[in-house]
Amino acid sequence: MQEIMKQAKLKAEELLTKGVVNRVIGWTEGDFSYDCSPATFTLDNLDKFVYTEFCGANLSKYLIEESKKEGKILVFLKPCDTYSFNQLIQEHRIKRENIYVVGIECRGKVDIDKLRAFGIDGVLGCKTEGDKLICDTIYGEKTVDKVDVMLEKCLSCKGKKHVVYDELIGEEVVEEPKDRFGMVAQLEAMTEDERYKFWQNELSKCIRCNACRNVCPACSCVHCVFDNPDSNIASKANTDRFEEKLYHIIRAWHVAGRCTDCGECSRVCPQGIPLHLINRKFIKDMNEFYGEYQAGEDTETKAPLNSYTFGDREPHEFDTKEGK
Amino acid sequence: MKKIGVFVCWCGSNIAATVDVKAVVEACKKEPNVVFAEDYQYICSEIGQNKMADAIRDYKLDGVVICSCSPRMHEATFRKTAEKAGLNPYMIEVANIREQCSWIHKDIEEGTEKAIVLARTAIAKVLLNAPLQAGESKVTKRALVIGGGIAGIQSALDIADAGFEVDIVEKKPSIGGKMSQLDKTFPTLDCSACILTPKMVDVSAHEKINIFAYSEVEAVSGFVGNFTAKIRQKARYVDTAKCTGCRACMEKCPSKKSLNEFNAGLDTRPAIYIPFAQAVPNKATIDPNACIKLKTGKCGICSKVCTAGAIDYEQKDQIIEREYGAIVVATGYNIINLDKFNELGYSDCKDVITSLEFERLTNAAGPTKGHLICPSDGREPKKIVFVQCVGSRGLRPCDKQYCSKICCMYTAKHAMLLREKHPETEVYVFYIDVRTPGKNYDEFYRRAVEQYGVHYIKGQVGKVIEKDGHLEVQASDLLADEQLHIDADLVVLAAAIEADDTARKIGTMLTASMDTNDFFTEAHAKLKPVESPTAGIFLSGMCQGPKDIPDTVAQAGAAAVKVIGLLSKDTLKCNACVASPNENMCNGCSLCATVCPYGAITYVDKEFRIPGGVQVRRVSQVNEAICQGCGACTVACMSGAMDLKGFTNKEIMAEVESICK
Amino acid sequence: MQNLKLREKIEEMSGVSVLKCMRCGKCSATCPNYDEMEFHPHQFVYFVEKGEIDKLANSKSIYTCLSCMACVERCPRQVEPAKIIEAVKLLQIRKQGNNHLKPEQVSVSLDPELPAQALTSAFRKYSK
Amino acid sequence: MNFTYYPGCTLKAKGKDLDIYARKCAEVLGVTMDEIKDWQCCGGCYTTSQDEIATKLASVRALVEAKNNNTELLTLCSACHNVIKRVNNDMATNDYFNFRVNNYLKLDQPYNGEATVIHYLEMLRDKVGFDKIKEKVVNPLTGKKIGAYYGCLLLRPSSVMAFDNPENPTILEDFIKAIGATPVIYQMRNECCGAYCTLEDKAIPKKRSDKIIENALSKGAECLITACPLCLYNLKVNGGDKIPVYYFTELLAEALGVK
Amino acid sequence: MQVENKTFKPTIVAFCCNWCSYAGADLAGSARLSYPAEVKIIRIPCSCRLNPMFILKAFQRGADGVILCGCHPGDCHYTTGNYYARRRMTTLFSMLNYLGIEKERTRVEWVSAAEGAKFSAVMNDFVATITALGENKKLEDLRCKK
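Protein chains in written order, with numbering that gives the first Met the number 0: chain U, 0 to 323; chain X, 0 to 660; chain D, 0 to 127; chain G, 0 to 258; chain B, 0 to 145.
Derived by calculation from the structure, the hints in this document are not laboratory data.
Wrong hints could be hidden among the right ones.
[Stated by the list, open to error] Restricting the straight-line Cα-Cα distance to at most 20 Å, the calculated cross-link-like pairs of lysine to any residue (SDA-like) are:
| # | chain 1 | residue 1 | chain 2 | residue 2 |
| --- | --- | --- | --- | --- |
| 1 | B | K117 | U | H315 |
| 2 | D | K59 | G | N167 |
| 3 | X | K368 | X | M249 |
| 4 | G | K201 | D | P102 |
| 5 | X | K466 | G | N167 |
| 6 | G | K36 | G | A91 |
| 7 | X | K233 | X | K315 |
| 8 | X | K137 | X | D569 |
| 9 | G | K205 | D | Y62 |
| 10 | X | K59 | X | M0 |
| 11 | X | K466 | G | C222 |
| 12 | G | K133 | G | T181 |
| 13 | G | K206 | X | M0 |
Small disclaimer: the values here were computed from a predicted structure and weren't measured.
Input sequences plus hints: build the corresponding full structure.
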């Protein structure tokens, strides 16, 4: 990872110096090494650029606002981030010609909360060696199985292929996509009431901080319906039993067929609500009902909800295996 | 504060018997904003309408709710009255308390209660209604007809006769289409050329008709009343203004080996050619794939023999841009490729021919001057086998699922004509079903059997084997439960028809919907059979599905009437309830456009003032002349920027809330 | 006579639906062994549709199909008669003691030049 | 170019020539044919009934071998090609069949039709290329008028075999051109020779073969070529005096100078 | 509690497309084919106009069942509207059920302008189903229920 970071930084420096781009979107560290967040760089502050095990954030959304400004931008995208990028291109939210995409190698990012749950505190830095994660902490070096501390979204990685890039840094590790729908299937197998309890329990934790919406690359409306008093569903806080459900259903509905399953919503949720399970239900259903579709795989294919066939299954057949 | 008036209709006893109308009036009076409420026996009557108009004026009403029968019944009446009284017609809401209430509920208490809810819901909606103005768009008074076969010709003539300009675009060097290749026509057996040629001459002589032959439509933009088409006029290498059609060039051209398309490839033509004697325009065309001069630079004989000096080897394709108010699609058909049906021997055996080739072989203007011979060796056939449904009605990838419709009749025609001209020939027709719906059609087919002694055999041909110059036809005779082996001289295949290969391209260009067989879809199978769902596009002939000449001509005329109806208007009144985007909320994501069935949504980059400067954003625009108001886009839109006038999100939400109160 | 259960079974085994047949007779037109058959390909389809399967099963015709697949290939409706004939035949020879070809019959008719393929496929076709 | 090769029973006995010449030619053309060690007889005939798995297991075993070798499965005898290719199609498309076979075989990894079955002729056309063969010909059979006899098994059902246009095939004709000879087109080239009926009723293949040979002769064929041992047998036995019949590999070997 | 259940009258919102189903409802009316008064119809131009937000709003405000009626697939006045509606509702209903909402509370029926009898039958059946299911406790908005 050190090596990749060095290469990335050199690449950024090169492109900035040559004037190919005039700014860079990447990650920077906060007060702690595990506190990585997106940031914009020029030659002046490029030394603050990092690419570590904690750079889980998907940078594509930041391009929407950035690409409206003058000049070309360099952005670093991990494999799963490239899907969001393509989706934004398809929706004309960003201009391809204004952006220089450097695909960057990723072998799964680390969830600091999971590390802490393992009793690993005071982390100064981490590195991956094979299946292990070696953590340098103020209490000395600690080693864990990486799979135990990876971000939820990395546990169901779509594969390590960049679907769009101008240049690649690091290797494109060939990897079978992991099963994404196991948990959804488990929920489907429950009774209605069990499911209701499960979601009531999860969603009642929602504090309507809107972090899921704000981080989501698909939730990028110029003006969100929840902020629009004319929409009749605008609301700021959960004031009743249904409010949080309404919010999350509508949010999922609005990104249905557009969600690339980047997992950012669950990553940023301060309450740890497994929001990706809602999005994935839509993805799983649409795959089963209308054929495999991966949002952001290309910039042409129509999303399932924006197309149709004469023989589509009927609405009441949603829970049958074959439809008609 | 908006002032709302409510009228509750008795509809005689139709409503009043199960709904306490007085109670409804009282309940409405209690609703906020309602300044006036009254009941009357028949609001749709003249007196009722006058009462309504008076109330609108006297109380300066901003909106009116009428609790009465279904809006499908009298909404238009109420709107007219409102407009006369100075209220925007879209400020009217009808609460359906008859069909949805009094007629289906027997209990007066229950009926009244529901009627009050329905009235309240209508009040909630009308409070949010905005006055709407139906837009208008200009109509360009010229029609484009794509395809110059009998369908296109008929449509063009009818439109032009009504006094409107028409352009015909035909991809071949001459108009005339498939019909010009036919010999006789069923069920009257009159000569195809004799009835078509005068029409072709009419077209060329008509001052309102402009023929773009050897041309193709390259792009179409715009919408009903305002289309712009780009037409590519392919280089003929002949100046049509100068060419006199004398055909001296054709005689002297040394490159005579090109297959003659007009004779279905049964003979050859020179590289410079006029496809047939009655061609319109009667002008020569050089085939660049065969012309020695164009390929090698040497030759130039035609240029030397042309006394008119019409040959121009340097000619280039030209793009012409024209504006139209309406477009008629008449792209026609072709017969399928028979490569996948070679058990019938078409690819290897010269004496296995298609019905179209048979037409040319029996046509006096054809390659044999109408003398029917076997193409292999020129002998006169004595035994002829016709095979029906080749490629039609099947499910395999090589088959067409539909019935090609015309084959039964033309085969009966062929068989009959054969027996008439050559009584000594034996004629067999292998059929699955003989389908002859149509005036005088079955009588025609029966004549073939009964008067002309054509052998109709229920069964199919399974294999054709050529040996010693003859064809062994192996076939089933299902009624006799026999396998036949007929020693035939000629086998004629009724190949399935398919949409012309340019149809898909043109359909895409016009955003006119097509079925999986590339036939154009009509707006309604029964009630709008000549209109495409895309406004301003009309369908004529085979491009919409298999049909014979009488049906084609009828449809061509019908399409023309629709075009005339459209072109006779100076402006088009648009639907007022159309989609309308709020550009401040629009993401420019194109999701709305992907679901729009009419292609009514486009995008522009627009500047917006933001704090500290200007920002350019891509935003959607709805062409109100095209939008039909289905609302598909409003749901595809995530931000809620796209809304539907007359059925806005807020209005429907208000109705929902009112019902669920 | 009618046996719709058996018809269902045959449709299941053959994987084709007899109701798709439009009675064009292409199968019987194309069949190279038509003359050796008592019941012809189109009749197999029709009698199965009617559920009159016994008479087919008891006919020698089930052993005369050459499995050349010409009718399968040329059937415009994808009814594929050869598959139906095979299904009827299997119903017959799967019954105990109903093998059409027995090993002892073979040695007599064996030509020394005959390829092994003829033997194996004949056994596949005629015996269980 | 490496292939996993499935010869089949007939090619080890009465149809030896087909195999021997094929191997010789492969060597010249730079093709390696790795014969499966313990192949089992394909059964000679595909049972169309969807409820049979026992008769199709041998084919699956061969297919699994090819999958494990990570090469295509090369066949030569048309009967084997037909059976194995159709079974492979069942494995790939018929879920219930697939389930039952995998359940029975208990392989390390379930087999789902991953292997590709390729006939020797397809290999010549698509992998080697007829142009390349033309270059390698040392002894062109110039002037020889050859009728290609396809029979049934290579072509039908075309939805599965996808070998060539079933009603108007050209692969053997192109092959004939590649070895310098002249193809003769005749309509009976894709009609049945009578097949295994020869065991029960010799009259059937006699009638069929006569018709085929008569048609070929009337079109001027001097000899016939085929890829099927049983076709070769039926045609030879019934018309050997009227027209010689060869395996296509024999003429290929002759043209390549390795006969 | 028991007594309340017996007199439970559900609130049903029926969205009907203007061209087929609304006309079908009219036909049911003119044929006097009764169905419960709990059904209240909202007219929309096409089934594809139905925004899932309307359904959720209805539930939030105390509806016990929501039904959408549109033209039969292939017969849409706007050619494609009901195809979109069908996909949208299929996925939405599946989602609601996934969150634990009874699948019976939502329904789509294709009712043509000629199917007055079907309209009435559908509404009778839907109301019976919802009545049997009882009050929509899972989704209502407590603030708004009277």
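Hints, verified against the model:
1. The suggested pairing of B:K117 with U:H315 holds, with an alpha-carbon distance near 17 Å, which does not exceed 20 Å.
2. Distance check on the hinted pair: D:K59 and G:N167 sit about 33 Å apart at the alpha-carbon level, beyond 20 Å; violated.
3. Between X:K368 and X:M249 the CA atoms are separated by roughly 19 Å; this keeps the pair inside 20 Å, and the hint holds.
4. Distance check on the hinted pair: G:K201 and D:P102 sit about 18 Å apart at the alpha-carbon level, within 20 Å; holds.
5. Simply put, X:K466 and G:N167 have alpha-carbon atoms about 17 Å apart, close enough for the 20 Å limit, and the pair holds.
6. Distance hint between G:K36 and G:A91 is unfulfilled; the C-alpha atoms sit about 24 Å from each other, more than 20 Å.
7. Taken as a hint, the X:K233 and X:K315 pair is honoured in the structure, with Cα atoms around 7 Å apart against an allowance of 20 Å.
8. Using a Cα cut-off of 20 Å, the hinted pair X:K137 and X:D569 holds, with the two alpha carbons roughly 6 Å apart.
9. The hinted pair formed by G:K205 and D:Y62 meets the criterion: a straight-line CA distance of about 17 Å does not exceed 20 Å.
10. Distance hint between X:K59 and X:M0 is fulfilled; the C-alpha atoms sit about 12 Å from each other, no more than 20 Å.
11. The suggested pairing of X:K466 with G:C222 holds, with an alpha-carbon distance near 17 Å, which does not exceed 20 Å.
12. For the given pair, G:K133 sits about 13 Å from G:T181 by alpha-carbon distance, which is consistent with the 20 Å threshold.
13. Among the hinted pairs, G:K206 with X:M0 is inconsistent with the structure: their alpha-carbon atoms are about 99 Å apart, more than 20 Å.
When the structure is compared with the earlier hints, violations turn up for hints 2, 6, 13 and for no others.
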